[in-house]
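With chain V held as given, fit chains X and U onto it using these hints.
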Amino acid sequence: MAKTLKEIAMFVGGELSGSPDIVIKGINGIKEAGEGDLSFIVSTQYEDLVEASGASCVVIPKQVKRSFSKPTIKVENPSTALSKILDVVLAGRIPHPKGVHPTAIVHENAKLAKTTALGAYTVIEEGASIGENTKVYPFCYIGKNTKIGRDCIFYPGVTIREEVVIGDRVIIHPGTVVGSDGFGYDIQKDGTQVKIPQIGIVIVEDDVELGSCVTIDRARFNKTVIGKGSKIDNLCQIAHNVIIGPDCVIAAQSGIAGSSELGRNVVFGGQVGVADHVKLGDFVIAGAKSGISKSHPAKTTLFWYPAKPVDKARDILASVGLLPKLFERVRALEAKIKELENK
Amino acid sequence: MAKTLKEIAMFVGGELSGSPDIVIKGINGIKEAGEGDLSFIVSTQYEDLVEASGASCVVIPKQVKRSFSKPTIKVENPSTALSKILDVVLAGRIPHPKGVHPTAIVHENAKLAKTTALGAYTVIEEGASIGENTKVYPFCYIGKNTKIGRDCIFYPGVTIREEVVIGDRVIIHPGTVVGSDGFGYDIQKDGTQVKIPQIGIVIVEDDVELGSCVTIDRARFNKTVIGKGSKIDNLCQIAHNVIIGPDCVIAAQSGIAGSSELGRNVVFGGQVGVADHVKLGDFVIAGAKSGISKSHPAKTTLFWYPAKPVDKARDILASVGLLPKLFERVRALEAKIKELENK
Amino acid sequence: MAKTLKEIAMFVGGELSGSPDIVIKGINGIKEAGEGDLSFIVSTQYEDLVEASGASCVVIPKQVKRSFSKPTIKVENPSTALSKILDVVLAGRIPHPKGVHPTAIVHENAKLAKTTALGAYTVIEEGASIGENTKVYPFCYIGKNTKIGRDCIFYPGVTIREEVVIGDRVIIHPGTVVGSDGFGYDIQKDGTQVKIPQIGIVIVEDDVELGSCVTIDRARFNKTVIGKGSKIDNLCQIAHNVIIGPDCVIAAQSGIAGSSELGRNVVFGGQVGVADHVKLGDFVIAGAKSGISKSHPAKTTLFWYPAKPVDKARDILASVGLLPKLFERVRALEAKIKELENK
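Taken in order, these protein sequences are the chains called V, X and U. Residues in the first sequence are numbered consecutively from 1, following this note's numbering. Residues in the second sequence are numbered consecutively from 1001, following this note's numbering. Residues in the third sequence are numbered consecutively from 2001, following this note's numbering.
Here chain V stands alone, though its shape is the one from the complex (with noise of 0.2 Å):
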């Protein structure tokens, strides 16, 4: 990158404190940074960081009140200036695909915007259609009638399968699958299963970002919906016709199954499980690997397996540790009965 302090603060409209001139060559955390690099404090709890690291300029929120022999950028919101000073380093690094590439195999009837890049080796269906700036990178597959808006990002070897609504800035990261079937069969007198076809569609509204290997199944009517603005991390399972509200955030290998609801704000933590026809409202909190059998109001806070409410639950987990001098006390009580019985 290579900025003078000036240049940082400006572009971020922070307050600096210390030498204009000073270069930033790189950012980094707090404790790993090192000469010529800028790093940062999200809140007050951490200044005590900002003195001893090895960085050559510190971002820190308003609140900090101390003064430091180091240079510092006085901003409302650190991280977020950060991640705008990191949009610009990253512009230049991401290769993102420009152009169609020749190899790209569009059909006749799909539609792409002037400026929507396709890498190497993607191949667009009939009937599908590409938004303004939307990159696709290289064996992705785009199928049939798929509506795509405009600045997305697709990574490597994503498929969308046909008939499925993306919205705007949305990223998707390699191997994710959006619309394959939902797992549904009618079991048969000789005990065969016969597939029920999925004729329903998966809806991903806007600035969604989906992790790596995602896989999200189209409904069987209907449709399958990923909330505005919602992000679902690597290998998660989304089962048909779940609904998933706005500003969800659903962290790795979390599985929902099939119909149901999400309210908006949900947070889980990773490898929970969600029931199918289950209802959580919204600001819903699940600890990791929390298995989630019944619906529960907003604003619950969800842990363990079967989750419960966290305090219920931790309750019982307090219970459960101390369980074998619970077998103990009621043995010694049983002697004890023995006893006042035989006086």
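Don't read these hints as lab results, they were simulated from the structure. Hints are not guaranteed to be accurate.
What the simulated footprint calls covered on chain U by chain V, stretch by stretch (three residues with Cβ under 8 Å from a Cβ of chain V suffice, anywhere in the stretch; the number is not a length) [unchecked claim]: (1) 2071-2079; (2) 2121-2132; (3) 2140-2148; (4) 2157-2163.
Everything numeric in this text was worked out from a predicted model, so none of it was measured. Note that CB positions come from ideal geometry on N, CA and C, so glycine has one too.
What follows is chains X and U alone, placed relative to chain V:
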């Protein structure tokens, strides 16, 4: 679609009640259906929904005795009838590859049937063979000497490694990997791990369906087997030398460790784990997130981690839920005993 | 293969007992082997299986004192000996890419070694470098400035994003993704999530093996590290800034959350989860499905969810299994106390 009720009733062999000339244009769930939609109920327990539905016609099971003000078609099995209709609707909707795309790279010693369809950017290695009417989407890789039957569908980005045998009518969703090396290492005295070569194969029998991003490892020796008609959902892991019987249904994110065996019609909820060298009999059912470390006989229903027969698991979980109260009761007993002792 | 016992004994440096001219045509497990097969046992505890085996020769460890009616080859480590044989057998069996396929798209500023092999439909970005004898299968994507060592094998559909460093002799199975963005967002006052740029890298050291559909995220800053010789099974998730020490063995579907650190020779069963910022010492073992939320010192064996040292977990689980009976015992005590009080 646009078919009259008369045409639909004839096609599914059902008994129409209502005007034969009504035109159906779509299919939808009983609650979501509107004007021009065909819908269905699977059993008599849902018959209250028929009258309230916006559907123009509802397919109902023969057992329904009531009559309705809206058109109905009575059939033996509404779900099967609907699937039959949907198959026709979908036939035109999904753009399965046709013929052999000029960019398909087929080894001169690979054998394709006359009607094998290979999409763009597919790679078929030496000695591989693919049967009649099998459709292979873009970015699929078929390894050396692998044999694939007829009427299969492999969606984009499926990798089948060498020496694998796949039957007829097998459906494989995007990103799935069959035949990767089993996970086996010999630890050396210095703590390093030496890879154990995996020279066995995988057999995927007729009528199997594999979801997206499923991983099925080849055997160390011999074979890993997915039995006839079994269905395996997204993101499942099947380790080396696992034998899965016919007509099993394994929900998403489940994993089966090395050399374990499942009988026929075994059913798993999501995120189930099975340890290595475990045998589960026919018709075993495991609830979501169960962790199965031991063998269980046929027809056992399992739940929890570590998994137990469901009745036992329920008793235990009910007790666990009451644990904090049990501690209070024991404390009360201890106090009373002390009182009695001091008398 | 078709080799004589004399040739095989010489090749593995073993002591042959039996006719040197017998011809071996295949290799199989001790129970499954038949006429013409070579088999093996790994320790003396299996020596009863030798006589009963259908194998034409069995490789046995030096510790076996008994003599057998069938040919045997005594070696220090039968498993290692067999692996050595299998390596030769497999060399001809797996069709690794040779040379650079004409459809490989290699940026003019990428550097290939003389013996780098690129399969059909591979994409190598600007500044990437790949070492001698590394084999890259079809549909692999190697990002900008990524450095890959020698003697690696990347199976089909592997995606390595930009600025990643991969050592020598690394094996990566199909569909695996290295270097996707870490999962990090700043929540705004209006509840929306703003992406935190992830500008760190991933380092995959020498002799690592990654299974199929593994996801390894790049660091926010700095690096995510997979230590020398570590083995990671299918469908595992390694989050941003995770540091895995050397010679770890992580079984399928396990996940490690952001910034956690594993020492050397850590072993996980399947479906283990580790929370963020956890440190596990050298030689820690975690049983399948364990949910690890806290740091643990070296040599701890963990089990259950939330994970505890295994002795404690076993005590607790034994107690939990007896809980319904404990409730009965407490009820009986309460009745007796009432009786005593009423005396």
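Which of the numbered hints above does this structure break? Number 1 - this is the single hint that the structure violates.
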